[in-house]
Amino acid sequence: MRSPFRIKPRRVLRRRVLLVVGLALLAAASAGAVRASLWGGPIGLTKSVDKADAPPFPVRGPRNGLRPDGTRVIASFKAANGISHDAVLGSSSDSKKICLLDVNLATGDEAGGCNPTDDAFGGRRFLMSLSYDGGPAIGSVRNAHIIGLAASDVASVAIVSSDGARKDVALNASGAFVYVVPPGELKRGVQPVAVVAYDASGKQVDRQATGITG
Amino acid sequence: MSLARPAAGFSRTRIWRLVVTGAVVSAVFAATADAMVGYYYAGPKSWANGQDASSSYATTHNFNDMSASSAGYDKMTTFVDNVSYSWHNTVRNTAYETIARWASNGTSRKGYCKAYTSLYAYCFVGNSNA
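Protein chains in written order, with the numbering used here: chain D, 72 to 285; chain W, -8 to 121.
The hints are simulated quantities; they were obtained by calculation from the structure and are not laboratory data. It is possible that part of the hints are untrue.
[To be verified] So the derived label-pair ranges between C-beta atoms look like this:
(1) 98(W) x 90(D): 41 to 49 angstroms
(2) 51(W) x 154(D): 20 to 28 angstroms
(3) 284(D) x 30(W): 24 to 32 angstroms
(4) 72(W) x 238(D): 28 to 36 angstroms
(5) 98(W) x 245(D): 31 to 39 angstroms
For clarity, every value in this text was computed on a predicted model and none was experimentally measured. Even for Gly, the Cβ is constructed at its ideal location relative to N, Cα and C.
Based on the provided sequences and hints, a complete structural model is requested.
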């Protein structure tokens, strides 16, 4: 029986090898182009895509203070389920954005927001995020909390709940604040609906809506 | 380019085939590795208040991002599993980028994003460990 593979002359084989190598290089270049098209896209994916660029901050290093990767823990707290979290401030891998992230120290999960480095508060007086698990129905929401960082002219911050209550939250030395939503309130359908910032005179300087609205 | 005389029982043709196969495998690997980064599942486009979008389900999605044209727009990202359809690691804010990262744990999940105001934005889901 004749072999299905015909023996090719050496010159033909060499051409084929060069062709395949060329195609391989072309494929690699195309892949790079696809990757390049993501530049300017999501944070952490703005450079090359490898573990070093995992968005945005791998959980490692000391629990408090400056991390080895240059990020800074501005507040530490326990969520309603008792799991420790850090509020972490740091810049993106390309240094174009600054991010405030809620990091679950048990799982490494992250949630937060990023603004341009030259406008860290995004034109507001504070940067904050509401994060939670469960839902979308409010009765099944767990571990809801708000983390934030206020500008230096903010003297106090309050959380406004859907039942009309207003609760002051403390600003720490970094200007960070944390509010853990009481699980009992969530069960009753009560949720935070706004975060309000005041200056030293008590004048409202910013208000941002929030909420678990599904 | 020349090859040394091949060892007995290992023809020149087989060596070339190995070289060719290796090159093809390398090319496919390079292309596939980048394809696993992620994709934009909505936008960039204009969103109305309350409008939302979902990606397809995958176990590899661990990064979900909604980015607006600038900061100040209220929006949300989360992951939805395809067993209980519960939300995971939901985050809502007015930052330029609203991001959630839910570690891969074998659970099939989709990225979901929603606008709480009119804005111009896109949503992206991917695997940051690719």
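Comparing the hints with the structure gives:
1. 98(W) x 90(D): 41 to 49 angstroms: holds (44 angstroms)
2. 51(W) x 154(D): 20 to 28 angstroms: For residue 154(D) against residue 51(W), whose Cβ atoms are near 24 angstroms apart, the range 20 to 28 angstroms holds.
3. 284(D) x 30(W): 24 to 32 angstroms: holds (27 angstroms)
4. 72(W) x 238(D): 28 to 36 angstroms: holds (32 angstroms)
5. 98(W) x 245(D): 31 to 39 angstroms: At 35 angstroms between Cβs, range holds.
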